[in-house]
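J.: Read off the chains here:
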Amino acid sequence: DPKIIQKPKYLVAVTGSEKILICEQYLGHNAMYWYRQSAKKPLEFMFSYSYQKLMDNQTASSRFQPQSSKKNHLDLQITALKPDDSATYFCASSPQGWQNTLYFGAGTRLSVL
Amino acid sequence: QQQVRQSPQSLTVWEGETAILNCSYEDSTFDYFPWYHQFPGESPALLIAIRPVSNKKEDGRFTIFFNKREKKFSLHIADSQPGDSATYFCAASNSNYQLIWGSGTKLIIKP
Numbered sequence: 001d002p003k004i005i006q007k008p009k010y011l012v013a014v015t016g017s018e019k020i021l022i023c024e025q026y027l028g029h030n031a032m033y034w035y036r037q038s039a040k041k042p043l044e045f046m047f048s049y050s051y052q053k054l055m056d057n058q059t060a061s062s063r064f065q066p067q068s069s070k071k072n073h074l075d076l077q078i079t080a081l082k083p084d085d086s087a088t089y090f091c092a093s094s095p096q097g098w099q100n101t102l103y104f105g106a107g108t109r110l111s112v113l
Numbered sequence: 114q115q116q117v118r119q120s121p122q123s124l125t126v127w128e129g130e131t132a133i134l135n136c137s138y139e140d141s142t143f144d145y146f147p148w149y150h151q152f153p154g155e156s157p158a159l160l161i162a163i164r165p166v167s168n169k170k171e172d173g174r175f176t177i178f179f180n181k182r183e184k185k186f187s188l189h190i191a192d193s194q195p196g197d198s199a200t201y202f203c204a205a206s207n208s209n210y211q212l213i214w215g216s217g218t219k220l221i222i223k224p
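Residue numbers (this note's numbering), protein chains in the order written: chain D, 1 to 113; chain X, 114 to 224.
Since the hints were derived computationally from the structure, they do not count as laboratory data.
Careful, some of the hints might be misleading.
For lysine to any residue, the following SDA-like pairs were computed, each having C-alpha atoms within a straight-line distance of at most 20 Å [claimed, not checked]: (1) D/Lys41 to X/Ile163; (2) D/Lys82 to D/Tyr26; (3) D/Lys40 to X/Gln116; (4) X/Lys169 to D/Asn100; (5) D/Lys40 to X/Asn207; (6) X/Lys185 to X/Gln116; (7) D/Lys82 to D/Gln65; (8) D/Lys53 to D/Lys82; (9) D/Lys40 to X/Gly154; (10) D/Lys41 to X/Phe152; (11) X/Lys223 to X/Phe152; (12) D/Lys40 to X/Ser120; (13) D/Lys7 to X/Glu155; (14) X/Lys185 to X/Asn207; (15) D/Lys41 to X/Gln116; (16) D/Lys9 to X/Pro153; (17) X/Lys219 to D/Glu44; (18) D/Lys53 to D/Arg63; (19) D/Lys53 to D/Tyr26; (20) X/Lys219 to D/Ala39; (21) X/Lys219 to D/Pro42; (22) D/Lys40 to X/Phe152; (23) X/Lys223 to X/Ser198; (24) D/Lys40 to X/Pro224; (25) D/Lys3 to X/Gly154; (26) D/Lys41 to X/Gln211; (27) D/Lys82 to D/Ala39; (28) X/Lys169 to X/Ile133; (29) X/Lys169 to X/Glu183; (30) X/Lys219 to D/Ala87.
Remember, predicted model here, so these are calculated numbers, not experimental data.
One chain only, chain D, in its complex shape (with noise of 0.2 Å):
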């Protein structure tokens, strides 16, 4: 069973719309992160979160709103969406809050026409 889920596993969306990414972990980590991956940037880390409180934001843009509603979840909320944003996200968690032993989720494949 995996044990960090995301959901939808694939999601296609129009210019402009707004749409919620999912992730809940069933490891018992304290840390959950978001990760984007496309053909321009092979692995690119967004954000990082401990005990549910923000620890790092390396996205610029605010279209982009993770969620921590329970400690083993953390959604991310895209809105005003863009082609470019087309790419696979990845949610992530680890043991303790930083990132030196990561699993990852199978990722949502996000098109945006």
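With chain D fixed as given, assemble chain X onto it according to the hints.
T.: Showing chain X alone in chain D's frame:
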């Protein structure tokens, strides 16, 4: 200075040969160096990692060689198999616990 440079971008070797993937860095505060692999259509997964207290770490056919003086580290895959074909990412962790990633090496093992 926070960059991790990875080369080559792609590498093809014959089955049974040793594949060598290289990374370098500039920030001397980096103290943890993992390698992740990612098979097509899957997510990255930790393969092997090293700390600067040692200059070599082995796990089966996979070995990290670490050169602190030159700020370089490499992944050697011995007796490479077609199943090793994947994209390999090196990374380095700094004192702020951020993980800085290399750009990846796409490895193809030809049978």
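J.: Out of the numbered hints, which ones does the structure contradict?
T.: Of the numbered hints, 1, 2, 5, 8 and 24 do not hold.
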